[in-house]
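Chains as they are written, first to last, in the numbering used here: chain A, 1 to 113; chain Z, 1001 to 1115.
By construction, these hints were calculated from the structure, which means they are not laboratory data. Treat each hint with caution, since some may be false.
Simulated pairs of lysine-lysine, DSS-like, Cα-Cα distance not exceeding 27 Å [unchecked claim]:
#, chain 1, residue 1, chain 2, residue 2
1, Z, K1013, A, K50
2, Z, K1057, A, K26
3, Z, K1013, A, K37
4, A, K67, A, K37
5, A, K55, A, K68
6, A, K50, A, K68
7, A, K55, A, K26
8, A, K50, A, K26
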Amino acid sequence: QQPVQSPQAVILREGEDAVINCSSSKALYSVHWYRQKHGEAPVFLMILLKGGEQKGHEKISASFNEKKQQSSLYLTASQLSYSGTYFCGTERAGGTSYGKLTFGQGTILTVHP
Amino acid sequence: KAGVTQTPRYLIKTRGQQVTLSCSPISGHRSVSWYQQTPGQGLQFLFEYFSETQRNKGNFPGRFSGRQFSNSRSEMNVSTLELGDSALYLCASSSGVGARGDTQYFGPGTRLTVL
Chain A
1 QQPVQSPQAV ILREGEDAVI NCSSSKALYS VHWYRQKHGE APVFLMILLK GGEQKGHEKI
61 SASFNEKKQQ SSLYLTASQL SYSGTYFCGT ERAGGTSYGK LTFGQGTILT VHP
Chain Z
1001 KAGVTQTPRY LIKTRGQQVT LSCSPISGHR SVSWYQQTPG QGLQFLFEYF SETQRNKGNF
1061 PGRFSGRQFS NSRSEMNVST LELGDSALYL CASSSGVGAR GDTQYFGPGT RLTVL
């Protein structure tokens, strides 16, 4: 089942902050965050694992609430280069979904000067 | 290290034809996953291969198939193309099993247009 991202779109001015949320109805093993610019491949930002481990870029922060199966991506002091579509991909815990990512519909982030 | 490469980058086919797309993972990576990306459906998982074995499959018809070779390179094939198959096809590689606890690196994709 596809995770739900919110908001669907957000517009910022340089220097402003934003939070993008990702919510799943299923128990998760991990949440992966990617950013995709128009015409380009998705670029890895962050992995959050069940149990608290995180791997990702230093300037990106995120959280994973295991009880609520929700993750949030925090973009602070936004720059023009942050513009793009942000996707969360979720890996379900257990079963036949080992290693398989299901992606949300994406959040379009636009940063203006 | 060279990134994930996909060939061809663009492809135009007509309905009923078949197509083969290729993906070369990052050196040392044994897992390749394929995704279809469309404006309406977003990023959808097609299948994943690890050490030449298909480990996971998404909800796509049997016209979509794939394989992985001993050097970890992967191909996907779509037979009897339909207009709705027009999409960006992305492959991603990882050192582990699919996305299990590890980063998946995406290639630039193959843009398939079916006329």
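To see whether the hints hold, each was checked on the structure:
| no. | hint | verdict |
| --- | --- | --- |
| 1 | K1013(Z) with K50(A) | violated, 43 Å |
| 2 | K1057(Z) with K26(A) | holds, 19 Å |
| 3 | K1013(Z) with K37(A) | holds, 26 Å |
| 4 | K67(A) with K37(A) | violated, 32 Å |
| 5 | K55(A) with K68(A) | holds, 21 Å |
| 6 | K50(A) with K68(A) | holds, 12 Å |
| 7 | K55(A) with K26(A) | holds, 22 Å |
| 8 | K50(A) with K26(A) | holds, 13 Å |
Hints 1 and 4 from the list above are not met by this structure, while the remaining hints are.
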